[in-house]
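Each chain, letter by letter, is given below.
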Amino acid sequence: MPRTRIYEAATERLEILDPEGRADERLLPAQLSEADWVALYRNMVLIRHFDEKALNLQRQGRMGTWGSLRGQEAAQAGLAMALEAEDWVVPSFREHGLLLLRGVPGHLVYAFWKGDERGGALPEEARCLPPSIPVGSQLLHAVGAGLALRLRGERGVAVGLAGDGASSEGDFHEALNFAGVFRPRTVFYIQNNQWAISVPFSRQTAARSIAQKAHAYGIPGLQADGNDVFACYAAAREALDRARAGEGATLVEALTYRMGNHTTADDAQKYRPAEELAHWAARDPILRMRRFLEARGLWDEERETAWAEEVRGRVEGEVEALEAMEPQDPASIFDFMYGNLPWNLAEQKAALMKELGR
Amino acid sequence: MPRTRIYEAATERLEILDPEGRADERLLPAQLSEADWVALYRNMVLIRHFDEKALNLQRQGRMGTWGSLRGQEAAQAGLAMALEAEDWVVPSFREHGLLLLRGVPGHLVYAFWKGDERGGALPEEARCLPPSIPVGSQLLHAVGAGLALRLRGERGVAVGLAGDGASSEGDFHEALNFAGVFRPRTVFYIQNNQWAISVPFSRQTAARSIAQKAHAYGIPGLQADGNDVFACYAAAREALDRARAGEGATLVEALTYRMGNHTTADDAQKYRPAEELAHWAARDPILRMRRFLEARGLWDEERETAWAEEVRGRVEGEVEALEAMEPQDPASIFDFMYGNLPWNLAEQKAALMKELGR
Amino acid sequence: MTAARTAASPLHPVNEPAERLTLAQALNQALRQEMERDERVLLLGEDVGKDGGVFRVSEGLLDAFGPDRVMDTPLAESGIVGMSVGLAALGFRPVAEIQFMGFLYPALNQLFAHVARYRNRSRGRFHLPLVVRMPYGGGIHPPEHHSESYEALLVHTPGLKVVVPSTPRDAKGLLTAAIQDEDPVVFLEPKRIYRAFREEVPSAPFTEPLGKARVHREGKDVTLVAWGSMVRTALEAHEALERQGVSAEVVDLRTLNPLDLDTLLASAEKTGRVVVVHEAPRTAGFGAELAALLQERALLHLLAPVKRVTGFDTVFPYPLLEHHYLPSPERVAAEALETLSY
Amino acid sequence: MTAARTAASPLHPVNEPAERLTLAQALNQALRQEMERDERVLLLGEDVGKDGGVFRVSEGLLDAFGPDRVMDTPLAESGIVGMSVGLAALGFRPVAEIQFMGFLYPALNQLFAHVARYRNRSRGRFHLPLVVRMPYGGGIHPPEHHSESYEALLVHTPGLKVVVPSTPRDAKGLLTAAIQDEDPVVFLEPKRIYRAFREEVPSAPFTEPLGKARVHREGKDVTLVAWGSMVRTALEAHEALERQGVSAEVVDLRTLNPLDLDTLLASAEKTGRVVVVHEAPRTAGFGAELAALLQERALLHLLAPVKRVTGFDTVFPYPLLEHHYLPSPERVAAEALETLSY
Ligand SMILES: Cc1ncc(C[n+]2csc(CCOP(=O)(O)OP(=O)(O)O)c2C)c(N)n1
Ligand SMILES: Cc1ncc(C[n+]2csc(CCOP(=O)(O)OP(=O)(O)O)c2C)c(N)n1
Ligand SMILES: [Mg+2]
Ligand SMILES: [Mg+2]
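One line per chain: the protein sequences are X, P, E and U, in this order.
Just so you know, the working numbering puts 45 at position 36 of the first sequence, and the rest follows in order with no gaps.
Just so you know, the working numbering puts 15 at position 6 of the second sequence, and the rest follows in order with no gaps.
Just so you know, the working numbering puts 310 at position 317 of the third sequence, and the rest follows in order with no gaps.
Just so you know, the working numbering puts 174 at position 181 of the fourth sequence, and the rest follows in order with no gaps.
If we strip away everything but chain X, and leave its shape as in the complex, we get (with noise of 0.2 Å):
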């Protein structure tokens, strides 16, 4: 029967490092220069053993429930290298490691996941939003966020982070075709690391993946190599420039892989075949950046030595920052529900007050 095409598109995927380290060469983002191609390795390292550092205080009991972002190192230091000062960050609760490279300290870092609310007082330069923990609802904010900042002609992009499980959130929707309408400066960052728990990106959804959604809204949408961080870099600038250009929302998928437990509660031995964590280990992200930088003589085991050294110094004292802080005032649990305590709240407060005979 014949019909007539009402709409025509494609979808792309960039890639640029290869997990052996190589790139052609012609590819790399024109905007970073060899420094930046360190600093991009030393970033993944740095929030690598940042993440680390947070398992093992975990299992001694130092820390709380913690979701390590291992695997998606690069998606987080691409990105947090195409972000600018005035750029706005949305986050979900495993980007531990573009808050550290936001220039959040560590122990707050910590200290919110320890469960202590004063880790959700992140300082103003950072312009991060706080953790947001119920999936994709945060997406919406970043739409928000974005808006304002098209409102008042600021330069600012607002990113709105996200997971693969996420996209099966109502809110995902609203979020990326209110992007469409309202065109906001926002860029949608999806890690898809192709598992939401226990269930495997197959079984999220029938789309092949993430990127393609960008159809249903009118807006651009490209998948980026996850592990590969001059693609993320390449694909955040990408889409950063086109906002800040007033040009609308994109929607990027970093397509990744989720190299840990989905947190420190939940055992993937369960549910995932090991011969997929091995497939993936060997395209890990840090990995083939040392291969490439060491190609080119950017890096080599005497600096690997001393950035570990200096990255351990730095990550034992958010540690010691961390325990170092005050024990938090139980009277705290009132004092931010309003700008003003209400009748009810501060006889609560008394209460306890009273009962902790303070």
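Think of the hints as simulated: they come from the structure by calculation, not from any bench.
Certain hints may be false.
Not the full set, but computed from the structure, chain U residues with beta-carbon under 8 Å of chain P [said to hold, decoys possible]:
#1 G53
#2 V78
#3 L83
Where is the CB? At the ideal position from N, CA and C, for every residue including glycine.
Place chains P, E and U with the ligands on chain X using the hints.
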């Protein structure tokens, strides 16, 4: 920057009968006889009259809020013809025509919108879930119903209906995504009448069509000229056949036009240009079908008059049946909340009965 | 019968310019004046622009302020509230409209998981000066889902303020205060009385404080507590009771959270008898909280149990039966008389 | 201290085969046995399949019943409940899991606008025999949104039943009854005690009736009313009070809707003093309804106001402060003693 294509999207539109009533005979659905053609026309006339009558009743204070389906007769009659007895219908609030053609007594449809709960008890054979007013939410029920049919190995298909506005709701997304994953025997049939109250389709989404949204879910999507009863039939039939064959769900968009006000509580003159209405009046689905039949000698003024007479009589009969209904027992307010009446409802019911002197 | 106890807002003396407005018009005026005063105030929602809102509350505002400040949104309530969060976090003061309270449900995740918690989650780094306003309650004979009133759910959620005007004057003053408030306010508009009557409303901007009840009638025998359209019902019950020689005090809570406990307790202690009137289902409705508080703090003053005259624990009936559901003045008066003979 | 007043279900005599199970294991057994008994019973939710649920409540069921009966869904709560509506309308008996009550919000539209209303909307043509089960409440030191308990919202919504077990044995009997019930049941599982202790649970299938409270301890001085994990707290308070010579009755509501008003009233009339304990914020919590009912129906028996020992009207604190928030046995005992000196 060289990139690889990971997805190619194309969406098609189906047109068979043009506004002048011309059809390429080779495109006419092979499953339909001349008698079916005439039935399609008669059905459209019937439901238009049924709709007009409701508007009249409303003006006279004999009906509650009524959402006119004027302009959408082809979309509903085409689908109705494609359905089989074993299929299920999951309607939204503007499917009066479809319900009628599905065998729901007109006086029940009227009763529902007059404000009588008994209008929600649709006859079992109609296989209709009750009309759903919260926009978009019913599509998930169609997924569940279609999954039930698949799990039981039944031949029936569940058809979920919604409008263009509904495509913005999170539930639309969740329904289509679940359908991709669970492959229920479900068809999504979206009547895009280009308005959601005062919001035109162009402000509802930046996507060019509803049909292309299927690319987000790994299911096929197809647009039909929603004022062309053959195209609507053919698109619905194709989707139903696919579901019946166990090949999963399809998104069908019938691109039509809401010729009336949103409901009797609305005044579209406030927001809709008169030219637009005139443009679409020339594309009236009934008009073109009449031209088609007349050109083939299958219809004429005499038959028109006779059928109008019959339709008037039938609709009048429904009004009589409506107005002959016993007033609803106020006690019924309590009787369908649970299988058994819990003590609080029993008390409240007794109090009302006492107040009413019963 | 005595005049209302809460004086006119001190900024606006009694002889100021005023017009007789309906509640819907008063809300429209508040929106317009706040948008004039503060360019951070934005309106968004389904059909709020060209259509002026299905109840015409935002009539004329698109023309006055343009599409960047009055935004017709796609049909998605979670989107409306969720986008408002981002706008407010970055310094705007969005006023989001939900078309009917029955369609707020899809936005409850944004409202409960984010709006109510943002100040706490960020330990005060961010707070959300936003208003989510919507028509609520019954009495207009609409289809299913257009008559809901589940204010109790909102009051049970810490971090929100909940405001319900019952007169045009209060509607303007309270909405103005809600927009100026630094915390999120859910503003429930009794659609039944959008146009039911007119009242003198000061023409200049003014605020009515959130958290203060209004005593519409002073009385000594029994206290009728209500909010929204049930205040009219209570006032009519007051008349009926007066004809029978019973002096009923009518307290209009106006703000459900924070609650004006002082006014409530003072009245209960004076009369010793309280009837709470609300449209929502009885069980776990806000009337329960009021009864709980009263027995907790005024048990020895209570001469009879606190009565609740409420909707039934059922779906709100469709138009033909809804009058049986809604508390009527007669029902309120009858229950009040019962407490008198306890 | 006296034995529980509600006898073992008559079908299952005391010397029947039984095992010592945790609450989570008992739930698992109920699911398994119902799925064996009735092939219309389906399980669906996030991570309920291969993972067996994040709390392992559905452990082993995917292997036993296959992927058509135990369905890992995409991450979308409205989808889970909405799809269940269609399944139930066409004759299945879905048991949907929401991973934590804090993530039920996105499904409230389906739950409130459809699940609770389907029987009424179709005047009985359709009804929805479905269960929506989820872990709720605090005490496990998780991140934000994992400790919520807003049962009051569910109880305020006519058309739902709301069930909360507090022991392994009841968990099995009540979940079995919920699955067999013809109406939609929200089944709240106190995650804090999923594995806190074991109890003898009959090995054969059995039901505990919905709508019946259980008196765990008989007493004469004061009644402690609780549900879910707060029953443990109340039992510990009972011990503490006993040491001080106070005889406290402990009533476990088990079903919040329909409520076992008779048992509640009987206890209140006996002791004259009632303390309601719940984790949820105080204002407009379900404790308010209980207080309202008691003052309404037993005012002259009350020797003191009904007390509420509850969570604060705040966000549930993060792990390091959560112990301040949750009602402790000490707090309950202290408040009980206060009612004794009223
Ligand atoms: C609305 C909601 N539902 C469920 C959860 C529980 N939960 C936490 S993380 C998670 C999986 C998220 O998967 P994805 O979006 O892919 O992010 P990832 O964990 O892989 O980073 C789930 C189900 C939640 N936090 N929020
Ligand atoms: C969840 C929800 N939000 C808002 C409404 C109010 N409302 C009723 S119909 C409608 C427009 C629907 O537009 P569309 O989906 O295109 O269907 P149409 O009316 O054109 O048939 C709106 C906003 C509703 N019924 N449900
Ligand atoms: Mg993931
Ligand atoms: Mg439409």
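What are the numbers of the hints that this structure violates, sorted from low to high?
1
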